[in-house]
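From first to last, the protein sequence lines stand for chains A and B. Under UniProt numbering, the first residue of the first sequence is numbered 1, with each subsequent residue one higher. Under UniProt numbering, the first residue of the second sequence is numbered 1, with each subsequent residue one higher.
Treat the hints as calculated values from the structure; they're not laboratory data. Treat the hints with caution; some may be incorrect.
It does not matter which identical chain is used: a pair holds within one copy or between any two.
To be verified - Below, in silico cross-link-like pairs of lysine to aspartate or glutamate (EDC-like), each with a Cα-Cα straight-line distance of 16 Å or less:
id: 1; residue 1: 4; residue 2: 75
id: 2; residue 1: 4; residue 2: 14
id: 3; residue 1: 127; residue 2: 71
id: 4; residue 1: 93; residue 2: 75
There are 2 protein chains.
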Amino acid sequence: MTTKTKRFFLPESEIPTQWYNIQADMVNKPMPPLNPATREPLKPSDLYPIFAKALADQELNQTDAWIDIPEAVREQYKNYRSTPLVRAYGLEKALGTPAHIYFKNESVSPVGSHKLNSAVAQAYYCKQEGVTNITTETGAGQWGAALSYAAKAFGLELAVYMVKISYEQKPYRRSIMQTFGAQVTASPSMSTKAGRKILTEHPNYQGSLGTAISEAIELAMSTPNCKYTLGSVLSHVTLHQTVIGLEAEKQMQMAGEYPDIVIGCFGGGSNFGGISFPFMRHNILEGKKTRFIAAEPSSCPKLTRGQFRYDFGDEAGYTPLLPMFTLGHNFAPAHIHAGGLRYHGAGVIVSQLLKDKLMEAVDIDQLESFDAGTLFAQAEGIIPAPESCHAIAAAIKEANKCKETGEEKVILFNLSGHGLIDMAAYDKYLSGDLQNYALSDEEIAKNLAELE
Amino acid sequence: MTTKTKRFFLPESEIPTQWYNIQADMVNKPMPPLNPATREPLKPSDLYPIFAKALADQELNQTDAWIDIPEAVREQYKNYRSTPLVRAYGLEKALGTPAHIYFKNESVSPVGSHKLNSAVAQAYYCKQEGVTNITTETGAGQWGAALSYAAKAFGLELAVYMVKISYEQKPYRRSIMQTFGAQVTASPSMSTKAGRKILTEHPNYQGSLGTAISEAIELAMSTPNCKYTLGSVLSHVTLHQTVIGLEAEKQMQMAGEYPDIVIGCFGGGSNFGGISFPFMRHNILEGKKTRFIAAEPSSCPKLTRGQFRYDFGDEAGYTPLLPMFTLGHNFAPAHIHAGGLRYHGAGVIVSQLLKDKLMEAVDIDQLESFDAGTLFAQAEGIIPAPESCHAIAAAIKEANKCKETGEEKVILFNLSGHGLIDMAAYDKYLSGDLQNYALSDEEIAKNLAELE
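Please model the complete structure; the sequences and the hints are all you need to start from.
Below, the structure is given as C-alpha cells:
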C-alpha cells in the first residue's frame, strides 16, 4: 500500500496573483475578429457596447503576458482555491498502467466546476464599471450556476438563457441559479427577436449554445446599463481559467513531476486552455515537448473535422466574425448529455494553436465517455460531469498506450466538474438507453457549404 | 477588505491517526443496551451476528479513549481529508454580527457529505473479517451514497434500503449508488417480512429510517456471510466521525481561536458527535465551558420533546433495547426534506450527555432551516444540504444574539453536506410550497404511551 501524498494543495499565499495571456508569447498571433459589415479588424472599443471595457481590452491584448488578478477576485478565489491536484492511484491501478496520472480537481468549487474562475472576474469588472445588469447563456448550466453566485457576490442582477434541452434535462442546475437569485429562461424563448425567429421556423427546436448566445446578446443590447458575459470561447475567459494551469504547475513541482501530456475536454476551449497554456508557454519559450490534447465529442467535432475559417460565434450572427475551427454557426449538435460541449466553434487562440500544430485534438463517442466516467467514479470516488468524462476517456487512451509500451508517462487532465447534478445521464447510461451520434462527412460539408 | 486566511487545511501528515472515544472519559457512562427478551445487558459477542466484530467491540468500548485508525482507512481519508475549516466572513457580514463564525466543510467529500468517514471504516472492518455482502438503510441517500463508494473500494457487494419518500424525491442519490455498483430498493419493500407487514397495514406508507433499518437487518440476518451497517445513531459510527472534530481542533489552532459554541444538525447524532466530542473532552477533563448545541427539526424533536427511556432502534423491534431520548420507535415523522433527520431516537452517548446537561438541543422549523440555508448559499456560495441547514439556522440564532450583546463569540458548526442533489426541496421553498409541521404535545404523548 502506498503512503505517498495523494493530493497537493497550495497555501493561500501561493494562489496565483496574475493570469497568463498566451497571446503575448504566440509566434503566430490569432487573426483579428472582423466587423461583419465592413470586414475591418475590430478594436477593443468596438466591443465596449457589449462587454465591460476591461474584458474587451483583455480580449484583444496580444502584448502583455501577465495580467494582474484584482484583489477582490483573489478574495473570491480564496473561497475554493487552490483546488487539489490529485494523483489518481485508484485509476492507475484499475487500468494497470505504468503511467502516472494526475488530475486537477476543479469540481470542488462551490458550484461544482471551473466556471467560477471566470464568473467572479467578469462580475467584478462589470461592477467596477458601474454596470447593474448582466446577461448570459448557459448550456449544461455549469456556467449559469457559477455566474449566478458571482452576480450575487458583487450585487448584480442576472438574466440567464439556458439551452432548452438542458433546462429540461437538468432542472437542478436551474434551481441552483434561482437559489442564488438569478432569472432563468429556456432558450429559444419568445423574449427576443432571435428566439422568436428560430421558434417560428422550428417550433420544437431544443436549443443550442449558439442560439442562447444570440438571445443573451440581444437582451444586453436592449437593456440600459447592461453587459453581456460569456462562459467560454472568448480569449478573456480562457485567460481567467489559466489560474488552473498556473496552480497545477506549482503543484506538479510539489509532486516532483512534469507532465508529458496535458488533457482537457473541449467545448469552447476555456477549461482546456486554462490547464494547458501555462504549460504550453514552456514549449513555446523553452522548447519543452509536452503534448496537449483537446477531447471533444464525436457528435460536435469542430477541431477534428471542422474547417478553419471566419464564422460567427452565435446562431443569429450578432457577434463579430471570428477566425475559428467551426462546423458552421448554423450547426445543430445532437442532444448529448455533455451540454457544455455542444458548441459549433472553437476559440480563436486554440484555433490558431491547432492550425500551428502546437496542440492536438481527439474525438470521443458518448458511450466511451460514460464508460470512462463510470470507471473513474468507481476507482476515484468522484462522479465526473459528462463533459469531463471526455477528458478522462482521452487520458485513459493515453494511459493504455503506456501499458502497451511500458512507458511511465506523466499524464495530467482537468476534472472540470462533478456530475452529481447530471445523474439522469448516468441513469440512462446504466440502463443502456444512451447512444452514439455518428456524423457523416456529407452532413459536415453540407453545413459548412451553407456559410458561403 | 480582509486579506486574512479564509480556509485552513492540514497537511496529509496531520490527518488524525486515531479516533476519539468519549465513552472512556464520560463520568456517567451510557447505560448498556439490553437484550429485549431477557433484559440482560448486551456483550459485544451478542452483536457479532449482525455487525463486524471490530465494530461491535468499538460499540461497547467504555475504556479506551483513543482507537487507532487502520492504515487502509487512512489511505481512503487522504482522498478528501483534511476537509477545510472555513471562516464564514460572508455570513458574518450578511448578519452584521461581531461573532466569528467558522464551519467545517464536510461537503467537499466526493459523495458530498461526512458519511464517508464511517463508511470506509465499516467497509474495511467487514472486508478484514471475510464478509462478502453488506446491507444498510439510507434516508436522504447521503449514507447510502457513501457506503456504495466504500463497498466498491473494498470489494463488497452492497444492498441498500432507501426510505421510499427519498427514493422518489431524490432519484439522483439512487443513481449515484447505482453508478458505484450498489443494489437499491425502496423501503418499505415486499422483500422482507418487516416490509411486507407494514405495507399490508399501511399500503401508502412513505417509509422511515426505522423501517428501512428493520429491512436491512432482516436481509443481513438471512444472507450468508453478510453483515449489517448503519450510518448514524450507534456509538461506533460517531467514533469514526470524530475525525471531523479532531481535525477542526488543529485547524482552530491554526486560526488562533477556540470555539465558545459548537453546533451540528441532529438525526441520530453522528455528525453532531463527530464535531463536538473532541472539544467536549476539554470540558470534561479541563473544565472548559464550550457550549454544544444539537439542531433537530421541529417535526422530529426527540431531544427537545422526547423521553429518555429504553426503546428499539428500528421500527420492527429487531435491535437491542437502547437507552435513548426517543419519540417512540413507531413514530412516523412528517415528510420534511431533511430526510437524514427523520429518525425517532438519539444515540446512547448523546442521550446520556443531554441528560447530564453536558450539551443542549434546539429545534428548527423547516421554513427557518431553508431561510438559513438560502442566506448561507448567497453569502458563502455553497448550497447546503437540508439537514445541514438546521445547523446553520442554529448558528445564525447564536450569531444574532451576539449582535444584540456585542459579544465576539467564536461559533463553529459542521456543514455536514451540500444540497446540490436536494434542489427539488429548494425549488419548493423558492416557490412558497414548503410548510412547517407542528407536532402537538398530545401526539407525542400518545405515541410514547404506545410503548408501555
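Same-copy or cross-copy closeness of residue 127 to residue 71 [CA-CA at most 16 Å]: Only inside one copy: residue 127 and residue 71 sit 14 Å apart there, 50 Å across copies, limit 16 Å.
Homo-oligomer pair classification [residue 75, residue 4; C-alpha up to 16 Å]: Intra 31 Å, inter 9 Å, cutoff 16 Å: inter-copy only.
Intra/inter-copy verdict for residue 4 and residue 14 if alpha-carbon distance must be at most 16 Å: between (22 Å within a copy, 14 Å between copies)
Status of residue 75 relative to residue 93 across identical chains (alpha carbons, at most 16 Å): Between copies, since 14 Å is at most 16 Å while 38 Å is not.
The structure fails none of the hints (numbered hints given earlier).
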